[in-house]
Every structure is written in C-alpha cells, then in structure tokens.
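Protein sequences appear in the order of chains A and B.
For the first sequence, position 4 matches number 4 in the working numbering, and the numbering has no gaps at all.
Just add 1000 to wherever you are in the second sequence, counting from 1, and you've got the working numbering.
Everything labelled a hint here was simulated from the structure, so no lab data went into it.
The reader is advised that the hints may include incorrect statements.
What the hints assert, rightly or not - From the derived model, a few chain A residues whose C-beta atoms are all more than 12 Å from chain B:
no.	residue
1	33
2	34
3	37
4	38
5	42
6	87
7	112
What the hints assert, rightly or not - Quick list of simulated restraints, FRET-style, between CB atoms:
no.	chain 1	residue 1	chain 2	residue 2	range
8	B	1105	A	90	48 to 54 Å
9	B	1058	A	6	30 to 36 Å
10	A	41	B	1153	25 to 31 Å
11	B	1153	A	58	22 to 28 Å
12	B	1105	A	6	16 to 22 Å
13	B	1102	A	61	47 to 53 Å
14	B	1092	A	148	54 to 60 Å
15	A	14	B	1153	43 to 49 Å
16	B	1081	A	3	20 to 26 Å
17	A	147	B	1128	23 to 29 Å
18	A	11	B	1153	34 to 40 Å
19	A	97	B	1092	26 to 32 Å
Beta carbons are placed, not taken as given, at the ideal position from N, Cα and C, and that holds for glycine.
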Amino acid sequence: MRKTVVLTLLLWITAMAAQAQREQDFASRFMGLYGEEAALSCHTVSPSMMGRIVPLTGDSLPALRQVLSQIKSIRVVMPTAETEMPNLKDKACQLALDNRRRYKPYAETEERSIYLRKRGKYVVEFVMIAGKPTSGFAVVSITGNMTEDFFSELMKI
Amino acid sequence: MDYKYIEQLLERYWDCETSVEEERILRDFFAQAEVPAHLAVHKSLFDYQRAEATVGLSDDFDARVLAQVEQTETAVRARRLTLSRRLRPLFRAAAAVAIVSLLGMAAQHSFKRSATSEGWDYSVAGYSDSYSTPQAALDSCIKVLEFVQDGLKTAVVDSAHSSKISGK
Chain A
1 MRKTVVLTLL
11 LWITAMAAQA
21 QREQDFASRF
31 MGLYGEEAAL
41 SCHTVSPSMM
51 GRIVPLTGDS
61 LPALRQVLSQ
71 IKSIRVVMPT
81 AETEMPNLKD
91 KACQLALDNR
101 RRYKPYAETE
111 ERSIYLRKRG
121 KYVVEFVMIA
131 GKPTSGFAVV
141 SITGNMTEDF
151 FSELMKI
Chain B
1001 MDYKYIEQLL
1011 ERYWDCETSV
1021 EEERILRDFF
1031 AQAEVPAHLA
1041 VHKSLFDYQR
1051 AEATVGLSDD
1061 FDARVLAQVE
1071 QTETAVRARR
1081 LTLSRRLRPL
1091 FRAAAAVAIV
1101 SLLGMAAQHS
1111 FKRSATSEGW
1121 DYSVAGYSDS
1131 YSTPQAALDS
1141 CIKVLEFVQD
1151 GLKTAVVDSA
1161 HSSKISGK
C-alpha cells in the first residue's frame, strides 16, 4: 500500500517536473557543455530587456523595430581571450548535428553555419556559428517568434 | 467335481451380469481354503474383497474427530479491523486509477504538444541580462544583428537557400 502511494506521488512529481521543464537555447546548451573548459563568455539580452529595448528604437528605424519586435532573446558566445580555440566551431556544429531533429541547417559557408529551429509557422531560434577553425569563434543564438519576413526586414537594417 | 457352474458365474461376473445372490455364491466358493488350480488366480481378488469388508472405524474415531474440531474452533479468533485497513481496497483502487490517469494524461499531453503547438517555448527564467541598461542592450543588439546580417549575406552567395533568406 505504502509502495503504491509512493509510486503514485513519484509519478505525479515526475509528470509535473516534465511539464515545468522548458526548452534551452543553443547558446546556453553550448555554454553548459564547453563554457568552463574553453573559457567562453556569454552575453545575454533577456526577453524582459528586449521588451524595454523595442520602445527605444522609435519610428525612425521601422525595419529595426520590426526585427526587434520578433525577437525574445539574444545570446552571443565568444572566447574570453584572443587565444587559439581549436575545434570550438567543430564542436558547435557537432552539437547542432547531434540535435538535427531540432536544428535544421539553413545555410552554410566556409566560415559560417546557420541553423533554424521551427515550431509551427514560426522560426523560434536562429543559430549562427561563426569562425575559422582556430580563431574568430562565435555562436549567436536568437530566439523569438520570427516569421519569414524577419529575414527580409533584417536585410534592410 | 464339476466347476462348470463356477466358471459360468465367473464369466458373468466379469461381464457385470451376476446377481447379488450369485456373487455371494462366488465369494463363498473362493472363501474355501482349497480351490482348483485353474481358478486359484481369482482367489486373491475375493480374499481382498472379504478382508476390506471388515474394515471399519476405530472405537476412538469419534473422539479424535471431535477433538480436532474443538482445536480448530479455538484457533479462529475475531480480529478488529482498523478503518485504514478496511479502506485499503479503496486506496488501492484509487492509486491504480491515478496511475493510469497520469500515464494517459502524460501521453496525451506529449502527443498534443508535438502535434499542435507552435511559437516560442523557452523559459524566461533561464535568462539573466548581461546589460544593465536598455540602451547598452540595444547597442549590443544592433551589433549582433549587423553581424548576423553580414553572415546571411555571405550565406546567400554560397547557399542553396538564398531565395528563402532574401524572401523572394
């Protein structure tokens, strides 16, 4: 009897915890994995700060306002020092590859790889992994409810 | 001596056609000490039947049975059931229903979520600002967006997805 009650409570707590568990963006996931060993820093603009930024843009820059209004957060991961960081770009690309069901490749050049995460009609995360194999490494993770015109508006800024 | 009659009775006995009287005749015949050699094989069967007929209950049988009955009666004692013990089956049923419901709801939630949900699903609590003022954050945002814009432009040149990015 006691076992049954404990099992029920455990299941209930697990279910609640699973429901409470929300998604983690690419940059924070990357920081969690390699932040300490590779001496990386993460610059964050939170959703609440984004809400305060949008009014500052005024009416003079409608494209910027349009773009920012679709963004919820921005994170930029960079090395803390100008030292050589071999394999960081590979590691980031590998992380995206390991989560290929979540992050779909969008575009790729020699120095940049871009991935998108979509939910329904929205792009909810834009990930750009930049850098040469040994220098200039950066991960940009932009989350929000971005529509297809987000990118065309971004080009107008 | 002619044993034809006995042999006929035996044949009828094996066919289960003999009467009670005829079976008594057979039993009496085989109760003799001496029986013909060709009929001797059947003697042990009738001897066994006669011996078993004398088996009965011993004199102390009733006393022993009664003693055992009394012993069993003393072993059974009334027990007082507590309320929680009485409600135990109800608790078990409730727990079973709760487990099944939870699993069902979890499965339903999981399917619904993956099938119909859309839009931003990150935890606001997971973000802590690196910038103390909105202006500093805005400046940083603009730099990042320019960086991204530059990246997209480069990607447009090299990628097959150029039409998607440019919105054409």
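Quiz item: Going through the earlier hints one by one, which of them does the structure break, listed in rising order?
Solution: 5, 7, 8, 9, 18, 19
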